[in-house]
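Residues per chain, in single letters:
Number of protein chains: 2
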Amino acid sequence: MAVYTEVADEELFAFVAGYDIGDVLSFKGIAEGVENTNYFLHTTAGNYILTLYEKRVHEEDLPFFVRLMEHLAARGVTCPQPVRDRAGEALGRLAGRPAAIVTFLEGLSIRRPGPRHCGALGETLARLHEAGRDFPMRRPNALSLAGWPPLFAAAKARADEVSPGLASRVRDELAFLAAHWPDALPEGVIHADLFTDNVFFIGETVSGVIDFYFACTDFLAYDLAICLNAWCFESDGSFNVTKARAMLSGYERVRRLEDVEVAALPILCRGSALRFMLTRLVDWLNVPHGALVRPKDPLEYDRKLGFHRRAASARDYGLSR
Amino acid sequence: MAVYTEVADEELFAFVAGYDIGDVLSFKGIAEGVENTNYFLHTTAGNYILTLYEKRVHEEDLPFFVRLMEHLAARGVTCPQPVRDRAGEALGRLAGRPAAIVTFLEGLSIRRPGPRHCGALGETLARLHEAGRDFPMRRPNALSLAGWPPLFAAAKARADEVSPGLASRVRDELAFLAAHWPDALPEGVIHADLFTDNVFFIGETVSGVIDFYFACTDFLAYDLAICLNAWCFESDGSFNVTKARAMLSGYERVRRLEDVEVAALPILCRGSALRFMLTRLVDWLNVPHGALVRPKDPLEYDRKLGFHRRAASARDYGLSR
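Sequence order for the protein chains is A and B.
If you read the first sequence in our numbering, its first letter stands for residue 1, the second for the next number, and so on.
If you read the second sequence in our numbering, its first letter stands for residue 1001, the second for the next number, and so on.
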């Protein structure tokens, strides 16, 4: 949610001149996306977003993200469309960073989604999964089972500063997940970061999905678990099963979950809650001096984990089978 | 340059429904303005900026700023136009803060202005001064001569931490300015913060002026001194007299400076350099924990002050009389 990189005027004009999108009329840094710098770019040809990829995005992954957005959009999932420059390239360089211009999507992210938003999100997520089925590239999920122990190693010495007993809770959780994590569920492209900031609505209709910079190849139902965590808890920590039921029903209107996925739902929710707890914990303990972004509370996900540990089956998430 | 206040969806929709500007299509926090929170608001009726006034703007001053923008725009100075709600009010409340919707201006702020930009800026500044002549409201400048000693009092104990000898340099400067500050120069509405961020260009033409939240009633030539400081020094600290000459010529194409103003130019430059040095120094020494904005370097203005101390007359700024 910050502008990390300033762009000099001459550089901007030279960069935009490489595209067939007219002349620059307006250029404003926007508070969108946590990892990258985003500018709203208005030209005589229309509205765009110019993204500068900051260091947390690996340059070698960019072709995966860019081609995925093109692939999904071609199959009816509204997401930013990379604009190709006059040489046919979707990725350029600006201010010393990889950069892309993408189409501007209308709509706003809903900070407090209701059940109808959750239903629409479930449907959109399933469409995204279906549209990604024939995407030919693969990118392993660096933030799944094998990625969690290194995150914990980076944080465990100071975890109890954040909450007493946190280190031992995480140790137990990691052991449980290592022993019980499913090894065969339907796989495909997942968004892997579909928080409310990354979904635009007009009214109660999804108008677009953004920020594909965690997208990877993993269990489809893991994506749903991420969304249950991100969308269905109230700010007081309680789980809103009406929203969860709406989300799962929305999903199943487009793609019916297999029995193995239904059975795995509670553990996938535990894993995804731990994933966000750990990355937030590492960020929390390593806020750089002069940081432009306030770190998010890792304990929010510690509390969500508590809920999932007590869940016996997918019925606790509102699924009736 | 930050979003200080988040707006809940329901509050946003309710607020916008009070205006005749259609339905919300997009709403994004933008990195524009240092003091307030600004959102880019796109509706079925067009593009707008929604501003939430944060605590550094005094609520009782808002009618001055809002009416000034209307007054100037009616006289051909392109600046954001406050949109009145269905009840005819230009100021409302949103998320617990005073708030206004203003029209969106095309153009971009030029980070490294050239002489032509400086010339265009000078002309625009003079037009602004002329257009403000019959503005009926007054607002004293809290950051002129009488406002500097309290700022220094808040910073002097720790000023030498920032640069050895700074406290004594400021003390001498304050004494000099108190003894020599002019007491009768042409007065009127001044912008008082016309840094490059606050002026939009399309090509080399000024397309608009924004951020009137320091505007006040003071010496017109003091505004010019602020602009000389903000636009005519290079990043290595050197003074670019070509840019200054272009700015002053541009100004005089619209409004000729009186002899008393020409004579006062060096001291007005000293005063305005000290003003920005002091406010930056106070901010520098009081960065709150978790600040979203990096403080600006006060020593940049200490160095500029050194240049102005050595200036003998307006000729040092490129004026030929």
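Simulated from the structure, these hints should not be mistaken for laboratory data.
Incorrect hints may have been included.
Listed next, with one range per pair, are the computed distances between beta-carbon atoms [claimed, not checked]: (1) B:A1154 to A:D20: 41 to 49 Å; (2) B:A1311 to A:N286: 46 to 54 Å; (3) B:E1010 to A:N286: 48 to 56 Å; (4) B:A1146 to A:P295: 35 to 43 Å; (5) B:M1137 to A:E59: 26 to 34 Å; (6) B:R1309 to A:R112: 51 to 59 Å; (7) B:I1202 to A:S320: 55 to 63 Å; (8) B:F1176 to A:K55: 42 to 50 Å; (9) B:E1010 to A:S320: 26 to 34 Å; (10) A:Y4 to B:D1236: 45 to 53 Å; (11) A:R171 to B:E1161: 43 to 51 Å; (12) B:A1014 to A:Y4: 51 to 59 Å.
Even for Gly, the Cβ is constructed at its ideal location relative to N, Cα and C.
Against the structure, the hints:
no. : hint                          : in the structure
1   : B:A1154 to A:D20: 41 to 49 Å  : violated (54 Å)
2   : B:A1311 to A:N286: 46 to 54 Å : holds (48 Å)
3   : B:E1010 to A:N286: 48 to 56 Å : violated (35 Å)
4   : B:A1146 to A:P295: 35 to 43 Å : holds (42 Å)
5   : B:M1137 to A:E59: 26 to 34 Å  : violated (54 Å)
6   : B:R1309 to A:R112: 51 to 59 Å : holds (56 Å)
7   : B:I1202 to A:S320: 55 to 63 Å : holds (59 Å)
8   : B:F1176 to A:K55: 42 to 50 Å  : holds (48 Å)
9   : B:E1010 to A:S320: 26 to 34 Å : holds (31 Å)
10  : A:Y4 to B:D1236: 45 to 53 Å   : violated (24 Å)
11  : A:R171 to B:E1161: 43 to 51 Å : holds (44 Å)
12  : B:A1014 to A:Y4: 51 to 59 Å   : violated (34 Å)
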